[in-house]
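Start from the sequences, fold in the hints, and give me the full structure.
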Amino acid sequence: MKKMRAMTNLLGCLLLLVVWQAAGAELSESLLATPLQVFVALNDTLLGNAFWAALGSMLWQMSVGYALALLVGVPLGVAMGRLPLVRALVKPWAAMFIVVSAAALVPLFILLLGRGVLLCVAIVFVATVWFVVTTMMEASRSVSPNLLDVARSYGASPLQVFRLVLLPALHPYVLIAARIGLTHALRAMVTAEMFISTGYGGLINDAGLDLSTAPLFGLIVMLMLLSVTATGLLRWVANRTAPWYASRTGDH
Numbered sequence: 000m001k002k003m004r005a006m007t008n009l010l011g012c013l014l015l016l017v018v019w020q021a022a023g024a025e026l027s028e029s030l031l032a033t034p035l036q037v038f039v040a041l042n043d044t045l046l047g048n049a050f051w052a053a054l055g056s057m058l059w060q061m062s063v064g065y066a067l068a069l070l071v072g073v074p075l076g077v078a079m080g081r082l083p084l085v086r087a088l089v090k091p092w093a094a095m096f097i098v099v100s101a102a103a104l105v106p107l108f109i110l111l112l113g114r115g116v117l118l119c120v121a122i123v124f125v126a127t128v129w130f131v132v133t134t135m136m137e138a139s140r141s142v143s144p145n146l147l148d149v150a151r152s153y154g155a156s157p158l159q160v161f162r163l164v165l166l167p168a169l170h171p172y173v174l175i176a177a178r179i180g181l182t183h184a185l186r187a188m189v190t191a192e193m194f195i196s197t198g199y200g201g202l203i204n205d206a207g208l209d210l211s212t213a214p215l216f217g218l219i220v221m222l223m224l225l226s227v228t229a230t231g232l233l234r235w236v237a238n239r240t241a242p243w244y245a246s247r248t249g250d251h
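Each residue of the sequence shown is one higher than the one before, starting from 0 at the first, in numbering that gives the first Met the number 0.
Think of the hints as simulated: they come from the structure by calculation, not from any bench. A portion of the hints provided could be inaccurate.
If you anchor each label on the Cβ, the simulated ranges turn out as follows [to be verified]:
id: 1; residue 1: P83; residue 2: A103; range: 25 to 33 Å
id: 2; residue 1: L88; residue 2: L45; range: 46 to 54 Å
id: 3; residue 1: L158; residue 2: W19; range: 51 to 59 Å
Glycine included, C-beta positions come from ideal geometry on N, C-alpha and C.
This is the structure:
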């Protein structure tokens, strides 16, 4: 089954590359560079120091905002799922912020925080935390009351119920929240950098002004590969730390 899925994924990628190559051959490089042209441009980009410096800067700033979003979002989401009062107080804010794109918030944050590291960390945090919160809220509410009742019937204290029943039940969903949050964190970080023309987002912004679209597509492809690799790593961690992860989430 896994081999069949892998072959299907590979076939889909090859089909996309063929269509892309054919379309790029019909259009000029300024409109749609072919995969071969993108590969050449990407190779040149990877040989430059500017790319690696920008990538390193982006990753560490994003990691700070992402980690803060998980530290705040996971317990807050669980509290919303288990405590009606907390849910009533916080859910309206989550509903409002979750539909606002990072691009709409960046100009305001520039006015409040300037154009430095704090801006990028704050944008990543705000753009990520609410997705983590809502994921954990729904996961916490979905925990079967029977599991909690059985633990209480055996004399388990509230702390023991939380540690021995609730946390293991929520573990797969914490990792799902982490994967969802990572995608939004990466997008928000690049968006913020594009606004202030620095880091990886600055490279994308500059490449968009080039006469050839090959460097731009190369940077976008690298961003996609980074996202796929990171989410794949989180999936691997999930399968290692929680053998029941795939059966609980359908992520086979």
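Pairwise beta carbon distance, P83 to A103, judged against the given window 25 to 33 Å: 31 Å, holds
Cβ separation of L158 and W19, checked against the hinted range 51 to 59 Å: 55 Å, holds
C-beta pair L88, L45: status relative to the range 46 to 54 Å that was hinted: 48 Å, holds
Violated hints for the displayed structure: none, as all numbered hints are satisfied.
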